[in-house]
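Protein chains: 2
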Amino acid sequence: MQKEFELVATDRHSKARRGCLTTAHGAIDTPAFIPIGTQGSVKGVSPRELRELNAQIVLGNTYHLFVRPGLDVIKHFGGLHNFMNWDGPILTDSGGFQIFSLAKLRKITEDGVEFQNHIDGTRAFISPEIAMEIQTALGGDITMTLDECVPYPCEYDYAAQSTEMTARWAKRCRQWKRLNSETAGRELAGPSTRRFADSFLFGIVQGATFENLRRENAQAIVDLDFDGYAIGGVSVGEPEDEMMRAVEWAELSLPGNKPRYAMGLGTPPQLLELIARGMDMFDCVLPTRLARNGTAFTAKGTVNLKNAEFILDKNPIEQNCACDACREFSRGYIRHLIKAEEILGLRLITLHNLHFYLNLMSQARTEIEQGTFDQFRKAFVAEYKTRDAVAIE
Amino acid sequence: MQKEFELVATDRHSKARRGCLTTAHGAIDTPAFIPIGTQGSVKGVSPRELRELNAQIVLGNTYHLFVRPGLDVIKHFGGLHNFMNWDGPILTDSGGFQIFSLAKLRKITEDGVEFQNHIDGTRAFISPEIAMEIQTALGGDITMTLDECVPYPCEYDYAAQSTEMTARWAKRCRQWKRLNSETAGRELAGPSTRRFADSFLFGIVQGATFENLRRENAQAIVDLDFDGYAIGGVSVGEPEDEMMRAVEWAELSLPGNKPRYAMGLGTPPQLLELIARGMDMFDCVLPTRLARNGTAFTAKGTVNLKNAEFILDKNPIEQNCACDACREFSRGYIRHLIKAEEILGLRLITLHNLHFYLNLMSQARTEIEQGTFDQFRKAFVAEYKTRDAVAIE
Numbered sequence: 001m002q003k004e005f006e007l008v009a010t011d012r013h014s015k016a017r018r019g020c021l022t023t024a025h026g027a028i029d030t031p032a033f034i035p036i037g038t039q040g041s042v043k044g045v046s047p048r049e050l051r052e053l054n055a056q057i058v059l060g061n062t063y064h065l066f067v068r069p070g071l072d073v074i075k076h077f078g079g080l081h082n083f084m085n086w087d088g089p090i091l092t093d094s095g096g097f098q099i100f101s102l103a104k105l106r107k108i109t110e111d112g113v114e115f116q117n118h119i120d121g122t123r124a125f126i127s128p129e130i131a132m133e134i135q136t137a138l139g140g141d142i143t144m145t146l147d148e149c150v151p152y153p154c155e156y157d158y159a160a161q162s163t164e165m166t167a168r169w170a171k172r173c174r175q176w177k178r179l180n181s182e183t184a185g186r187e188l189a190g191p192s193t194r195r196f197a198d199s200f201l202f203g204i205v206q207g208a209t210f211e212n213l214r215r216e217n218a219q220a221i222v223d224l225d226f227d228g229y230a231i232g233g234v235s236v237g238e239p240e241d242e243m244m245r246a247v248e249w250a251e252l253s254l255p256g257n258k259p260r261y262a263m264g265l266g267t268p269p270q271l272l273e274l275i276a277r278g279m280d281m282f283d284c285v286l287p288t289r290l291a292r293n294g295t296a297f298t299a300k301g302t303v304n305l306k307n308a309e310f311i312l313d314k315n316p317i318e319q320n321c322a323c324d325a326c327r328e329f330s331r332g333y334i335r336h337l338i339k340a341e342e343i344l345g346l347r348l349i350t351l352h353n354l355h356f357y358l359n360l361m362s363q364a365r366t367e368i369e370q371g372t373f374d375q376f377r378k379a380f381v382a383e384y385k386t387r388d389a390v391a392i393e
Numbered sequence: 001m002q003k004e005f006e007l008v009a010t011d012r013h014s015k016a017r018r019g020c021l022t023t024a025h026g027a028i029d030t031p032a033f034i035p036i037g038t039q040g041s042v043k044g045v046s047p048r049e050l051r052e053l054n055a056q057i058v059l060g061n062t063y064h065l066f067v068r069p070g071l072d073v074i075k076h077f078g079g080l081h082n083f084m085n086w087d088g089p090i091l092t093d094s095g096g097f098q099i100f101s102l103a104k105l106r107k108i109t110e111d112g113v114e115f116q117n118h119i120d121g122t123r124a125f126i127s128p129e130i131a132m133e134i135q136t137a138l139g140g141d142i143t144m145t146l147d148e149c150v151p152y153p154c155e156y157d158y159a160a161q162s163t164e165m166t167a168r169w170a171k172r173c174r175q176w177k178r179l180n181s182e183t184a185g186r187e188l189a190g191p192s193t194r195r196f197a198d199s200f201l202f203g204i205v206q207g208a209t210f211e212n213l214r215r216e217n218a219q220a221i222v223d224l225d226f227d228g229y230a231i232g233g234v235s236v237g238e239p240e241d242e243m244m245r246a247v248e249w250a251e252l253s254l255p256g257n258k259p260r261y262a263m264g265l266g267t268p269p270q271l272l273e274l275i276a277r278g279m280d281m282f283d284c285v286l287p288t289r290l291a292r293n294g295t296a297f298t299a300k301g302t303v304n305l306k307n308a309e310f311i312l313d314k315n316p317i318e319q320n321c322a323c324d325a326c327r328e329f330s331r332g333y334i335r336h337l338i339k340a341e342e343i344l345g346l347r348l349i350t351l352h353n354l355h356f357y358l359n360l361m362s363q364a365r366t367e368i369e370q371g372t373f374d375q376f377r378k379a380f381v382a383e384y385k386t387r388d389a390v391a392i393e
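Top to bottom, those sequences are chains A and B. So the first sequence is residues 1 to 393, counted in the numbering used here. So the second sequence is residues 1 to 393, counted in the numbering used here.
Hints are not guaranteed to be accurate.
Identical chains blur together in the list; that is why a pair holds if it fits in one copy or across any two.
Said to hold, decoys possible - In silico lysine-lysine, DSS-like type, Cα no more than 30 Å apart, as pairs:
(1) Lys339 with Lys107
(2) Lys75 with Lys306
(3) Lys385 with Lys306
(4) Lys258 with Lys385
(5) Lys104 with Lys306
(6) Lys306 with Lys339
(7) Lys3 with Lys104
(8) Lys104 with Lys171
(9) Lys378 with Lys104
(10) Lys104 with Lys300
(11) Lys171 with Lys75
(12) Lys314 with Lys385
(13) Lys15 with Lys258
(14) Lys3 with Lys306
(15) Lys104 with Lys339
(16) Lys378 with Lys339
(17) Lys314 with Lys171
(18) Lys75 with Lys339
(19) Lys339 with Lys314
(20) Lys314 with Lys75
(21) Lys15 with Lys378
(22) Lys300 with Lys339
(23) Lys378 with Lys258
Read the hints as simulated data drawn from the structure, not as lab findings. Being a predicted model, the structure only gives us computed values, none of them experimental.
This is chain A alone, in the form it adopts within the complex (with noise of 0.2 Å):
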């Protein structure tokens, strides 16, 4: 298959994008909702159940793999396609969010980033040429530039010049897939085999929260010809207008014909905001890690199923829900699992949040090819209440 992106239709009153990416492994629905698989597993749950929840990527974490298993390891399997079971198109970062998030006693200069890991202390060091390696090694059918994601706060100066960093790098990766696009990835063996050439390599925009930063890079990524755009360094902290600020300014710039990722976002009313401001992809650790706190999501809030509430809760999580969890288990039945720390509580609320999270972006497919996007999103985001607002029917 040739990569490709094709947009599929376009909402009238916003910015909302219905299209579809064909990648190698198989093809992804836009908007899309992309379940993270940080160590080569989506946490709580399978690859057969991924599939039966109609997931069509998963994101797999380059830092932690890097660190364990390690390279060698996945190399020796032929990939990560092969490791961990997963036959659908898998997206791969570039581990730069990890390495400025995780490891100890960074140094990070114009070649790239000195680091030690958080396991073990290891030293190891990552360019934008070894990102790129190292994803290809992965085999990710999207793979994304190398980028340093600042702090929220962040001073304009230490911006500006990072950003600029920012756009360098990106220009080494462009550069070492245009000089590797044909014999990199080549030792993948297995059905997963396939030319690098074949995988999208995304751009990254930073910029912090500062205009002239986010438009300017924005439009330097863009000049470099990615196959996508992702926007980084946001949902750091700063508070979700700033947030919505930060992607509306880098969007200006992005063409329209490619597709657009808002890097590890966000609440479902912010999926839908984004959606609005023309996001295409989504990767977030809500619904996975909630739920292991024994969080679940509805079209109404969150609710958190420890509560005493929901001791006799005869219903399932949300009513007329068609995931595995609502058909079989009763509310009382998944708090009981969760109080007693049994593991089929997190995994059946894993499988309800993941559900609702692709649900979401399904919904919002056929609301956007209707024409009904924009009643769909104002009616979602006032019936959503915010976590600690919550009110439970």
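With chain A's structure known, arrange chain B on it following the hints.
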């Protein structure tokens, strides 16, 4: 369905029996392994997975469920079948074993046991009659008499007195059931409703490691005329040969036309040796508990998948194993998951281990039918290496 136990075949070279237990929730082919669903969930697996594993019965621990979520909750949901969404047979124990192993500040009198639970220290009292009431509320298809499980080693005098009390408690349980058969359990709602009279009540033989106590207690329990007989107080720390002898002594008094259940046992070779000694049913935490530590069962013995030798191993846990974990995943990947503390790792080993135990019972049934059980048992035991001496191919 009328409760029934039918002997299908018996072995000429040993006491091994091939039978079938019919309960209101379905049939159980014996010899049978019973996965343990301590707190209303077999740790790590879903009811759907249990069905796919061809598990025909699960065990619910009365003590654990009595402590949490509590009887009122399970009654509210119409019994344990409905609560945990398992429509197959359930065996409930009496709670005795956990009162004697987990609870604090136990006070045993002829009346029953007063104790503080291990979760929040709440005081409770369980008598033989209350143990029956609780199991009725849970809705067990096979219920157990309340017994005192003495530790190993145990003074003869204490064991003798305790064993006699266990027999008197068994009589009270039998009496309670006679008086309440037609009325108890009527409050259970939903599709699992059935008469309590249809449930099996098993008497438990105690007697520590003393021949005369085991023989006398077995005869006393048999004289009370139960639907089946269990051998308790084994695998409490005694050497394996003492355990085997305790079973042998008790078995001498057990009628051939009733099912026999060796409680809390054992390793795969132990199960085959106990089948050869006339036992029909087993429950054991080993397959699920060891899985959570990365240990898998194979025909050659246990393997700990955390070992470095498996890092690059592309083989399944066990060659030619038909379980989902072995059909889809490599030892190397499962090792990575266990090392990275990913839930999927323990899920996959749990699936494999339960499959191993259930499949071993299925094989034993076939071998008994074909008259080849004795060779099968000897060959299996010779091939199986105990844990510390295990050699990995």
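Here is what the structure says about each hint:
| no. | hint | in the structure |
| --- | --- | --- |
| 1 | Lys339 with Lys107 | between (43 Å within a copy, 28 Å between copies) |
| 2 | Lys75 with Lys306 | between (42 Å within a copy, 20 Å between copies) |
| 3 | Lys385 with Lys306 | within (18 Å within a copy, 44 Å between copies) |
| 4 | Lys258 with Lys385 | neither (33 Å within a copy, 59 Å between copies) |
| 5 | Lys104 with Lys306 | between (35 Å within a copy, 26 Å between copies) |
| 6 | Lys306 with Lys339 | both (6 Å within a copy, 29 Å between copies) |
| 7 | Lys3 with Lys104 | neither (37 Å within a copy, 65 Å between copies) |
| 8 | Lys104 with Lys171 | within (27 Å within a copy, 67 Å between copies) |
| 9 | Lys378 with Lys104 | neither (43 Å within a copy, 56 Å between copies) |
| 10 | Lys104 with Lys300 | neither (40 Å within a copy, 43 Å between copies) |
| 11 | Lys171 with Lys75 | within (26 Å within a copy, 66 Å between copies) |
| 12 | Lys314 with Lys385 | within (23 Å within a copy, 48 Å between copies) |
| 13 | Lys15 with Lys258 | within (14 Å within a copy, 73 Å between copies) |
| 14 | Lys3 with Lys306 | neither (45 Å within a copy, 39 Å between copies) |
| 15 | Lys104 with Lys339 | between (35 Å within a copy, 21 Å between copies) |
| 16 | Lys378 with Lys339 | neither (36 Å within a copy, 45 Å between copies) |
| 17 | Lys314 with Lys171 | neither (56 Å within a copy, 38 Å between copies) |
| 18 | Lys75 with Lys339 | between (41 Å within a copy, 18 Å between copies) |
| 19 | Lys339 with Lys314 | within (17 Å within a copy, 37 Å between copies) |
| 20 | Lys314 with Lys75 | between (48 Å within a copy, 12 Å between copies) |
| 21 | Lys15 with Lys378 | within (14 Å within a copy, 72 Å between copies) |
| 22 | Lys300 with Lys339 | within (23 Å within a copy, 38 Å between copies) |
| 23 | Lys378 with Lys258 | within (26 Å within a copy, 66 Å between copies) |
Hint compliance for this structure: hints 4, 7, 9, 10, 14, 16 and 17 are not met, and every other hint is.
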